[in-house]
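**Q** Given the coordinates of chain A, work out where chain B should sit on it, guided by the hints.
Protein chains: 2
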Amino acid sequence: MTNFKNNDFESVMLGRHSVRKFDTSVKIPREELKEMVANAITAPSACNLQAWHFIVVDTPEGKDKLRSFFMKFNLPQLETSSAIVMLFGDTLAFKKYRALWENIYEQKQISKEELDRILNTFLPLYENADKQLLTADAMVDSSLAAMQFMLAARAHGYDTNPIAGYDAKKAATALGLDPERYVPVMAIAVGKADSQSTDIKSTRYSVDDVIEFQ
Amino acid sequence: MTNFKNNDFESVMLGRHSVRKFDTSVKIPREELKEMVANAITAPSACNLQAWHFIVVDTPEGKDKLRSFFMKFNLPQLETSSAIVMLFGDTLAFKKYRALWENIYEQKQISKEELDRILNTFLPLYENADKQLLTADAMVDSSLAAMQFMLAARAHGYDTNPIAGYDAKKAATALGLDPERYVPVMAIAVGKADSQSTDIKSTRYSVDDVIEFQ
Chain A
1 MTNFKNNDFE
11 SVMLGRHSVR
21 KFDTSVKIPR
31 EELKEMVANA
41 ITAPSACNLQ
51 AWHFIVVDTP
61 EGKDKLRSFF
71 MKFNLPQLET
81 SSAIVMLFGD
91 TLAFKKYRAL
101 WENIYEQKQI
111 SKEELDRILN
121 TFLPLYENAD
131 KQLLTADAMV
141 DSSLAAMQFM
151 LAARAHGYDT
161 NPIAGYDAKK
171 AATALGLDPE
181 RYVPVMAIAV
191 GKADSQSTDI
201 KSTRYSVDDV
211 IEFQ
Chain B
1 MTNFKNNDFE
11 SVMLGRHSVR
21 KFDTSVKIPR
31 EELKEMVANA
41 ITAPSACNLQ
51 AWHFIVVDTP
61 EGKDKLRSFF
71 MKFNLPQLET
81 SSAIVMLFGD
91 TLAFKKYRAL
101 WENIYEQKQI
111 SKEELDRILN
121 TFLPLYENAD
131 KQLLTADAMV
141 DSSLAAMQFM
151 LAARAHGYDT
161 NPIAGYDAKK
171 AATALGLDPE
181 RYVPVMAIAV
191 GKADSQSTDI
201 KSTRYSVDDV
211 IEFQ
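From first to last, the protein sequence lines stand for chains A and B. Heads up: the first sequence is residues 1 to 214, going by full-length UniProt numbering. Heads up: the second sequence is residues 1 to 214, going by full-length UniProt numbering.
Chain A on its own, in the form it takes in the complex (with noise of 0.2 Å):
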């Protein structure tokens, strides 16, 4: 069913570290692109509500509309990764809401009374939510996916680097996305690691300074 070169999850894990250049001689297939995303989106979600949009750029005239919004700082990634996948969140996603759990119940996964219970408790919510809150959900959701993304790529056998560096106001609209509908969440380079590449592993602060019991 899934096509993992490396499944061993410590390595996956505990092994990822971000690559800024990659080896240009690489090219990944579009399906396994594919089901590499198709990994992803098996992350939760509020509501199930699966606030996420992906926009693989892969070809020349893709990466051209990347470059006039990138950070010049975030071009070797750009120029030398496979694709490059930007992640926007979808703060209308509740509009399909209706249709994906009708479904469900259709396939009589749920009861009546759930179908009805799940959509008159939760569909309100977001209906009358403002901009606010369904941003907030749509990149959390992203950024949940965005997370599976980046282990599945090693999974595959390949690379990430996850990037905030470009201009968020114009990212939708260079892509042909609705800017007030779809939010810039990140960008994340994929590929192979350049074996001459010599990036660094980034410190974290101690486990003992960002957690506490209660």
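In case anyone wonders, no lab produced these hints; they're calculated from the structure. Just to be clear, a hint being listed does not mean it is correct.
Because identical chains share one entry, a pair is satisfied inside a single copy or across any pair of copies.
Unchecked claim - Straight line, CA to CA, 25 Å or less: simulated DSS-like cross-link-like pairs of lysine-lysine: (1) Lys169 - Lys201; (2) Lys112 - Lys27; (3) Lys201 - Lys34; (4) Lys96 - Lys201; (5) Lys170 - Lys131; (6) Lys192 - Lys96; (7) Lys72 - Lys170; (8) Lys21 - Lys34; (9) Lys63 - Lys96; (10) Lys131 - Lys65; (11) Lys131 - Lys21; (12) Lys131 - Lys169; (13) Lys169 - Lys108; (14) Lys65 - Lys108; (15) Lys192 - Lys170; (16) Lys96 - Lys21; (17) Lys21 - Lys192; (18) Lys5 - Lys112; (19) Lys5 - Lys169; (20) Lys112 - Lys131; (21) Lys108 - Lys27; (22) Lys169 - Lys27; (23) Lys112 - Lys63; (24) Lys108 - Lys63; (25) Lys95 - Lys201; (26) Lys27 - Lys192.
**A** Frame of chain A, contents of chain B only:
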């Protein structure tokens, strides 16, 4: 180094689903919860700011605090899980940033020039940023760590349920954090799934619905 009970990546990631009813006889040792958080914070973060903060609630007194702002719908997880991890974004994480990189420099991992470049490039972006950007960045960072926490929990033999349904305005204050500084991102119930429980496995949209190539 790690105490993973399940190191099969496919089983960890693709086998994860939300568990809403846990085995109340299972109590996860704090040392193991800390290990899971340590695994989780290998996640990447924007500019390595690591803007996450974990409050692990595993006492009756702590759970009483959560009861004061959780939605009724999520009380079964609160009652039955071994712990609830409250994840907050730290909007002032940049205040620790200089010390972190000076430490990396002192360990001779980067040159003085690299240190200066990093501090002069990124720190001003955050020192001059508005609250909205700091909040968004902290939420994205924390969500990446949250996803890794849920996967790490599975590698440790546990299950999770990410929870958005609580009064976000009350969360920080109820747990003794400064609500101006810390933004609530999500709650994650963790424990061993109740063997009698019949949680439905959520349906996802097809990958073709959420991906496009450019």
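**Q** What label fits Lys112 with Lys63 when the C-alpha limit is 25 Å: within, between, both, or neither?
**A** Answer is neither; intra-copy 47 Å and inter-copy 33 Å both fail.
**Q** Within a copy, between copies, both or neither: which one fits Lys95 and Lys201 at a CA-CA cutoff of 25 Å?
**A** between (42 Å within a copy, 21 Å between copies)
**Q** One pair to classify: Lys96 and Lys21, alpha carbons no more than 25 Å apart. Within, between, both, or neither?
**A** The answer is neither: 39 Å in one copy and 28 Å across copies each exceed 25 Å.
**Q** Between copies, within a copy, both or neither: which fits Lys170 and Lys131 at Cα up to 25 Å?
**A** both (19 Å within a copy, 20 Å between copies)
**Q** Give the relationship of Lys131 and Lys65 under a CA distance limit of 25 Å: within one copy only, between copies only, both, or neither.
**A** neither (27 Å within a copy, 29 Å between copies)
**Q** Between the shortest in-copy and the shortest cross-copy C-alpha distance, which are at most 25 Å for Lys72 and Lys170: within, between, both, or neither?
**A** within (15 Å within a copy, 41 Å between copies)
**Q** When no copy is named, should Lys96 and Lys201 be tagged within, between, both, or neither for a Cα gap of at most 25 Å?
**A** between (41 Å within a copy, 19 Å between copies)
**Q** Tell me, please, which holds for Lys201 and Lys34 at an alpha-carbon limit of 25 Å: within, between, both or neither?
**A** between (28 Å within a copy, 22 Å between copies)
**Q** Taking 25 Å as the upper bound on the Cα-Cα distance, should Lys21 and Lys192 be classified as within, between, both, or neither?
**A** within (9 Å within a copy, 41 Å between copies)
**Q** Please sort Lys112 with Lys131 into within, between, both or neither, judging by C-alpha distance up to 25 Å.
**A** Result: close neither inside a copy nor across copies, 31 Å intra and 44 Å inter.
**Q** I want to check one pair: Lys169 and Lys201. Are their C-alpha atoms no more than 25 Å apart within a copy, between two copies, both, or neither?
**A** neither (30 Å within a copy, 37 Å between copies)
**Q** Please work out whether the CA atoms of Lys169 and Lys108 approach to 25 Å or closer within one copy, between two copies, in both situations, or in neither?
**A** Result: close neither inside a copy nor across copies, 43 Å intra and 38 Å inter.
Comparing the model with each earlier hint shows violations of hints 1, 2, 6, 9, 10, 11, 13, 14, 15, 16, 18, 19, 20, 21, 22, 23, 24; every other hint is respected.
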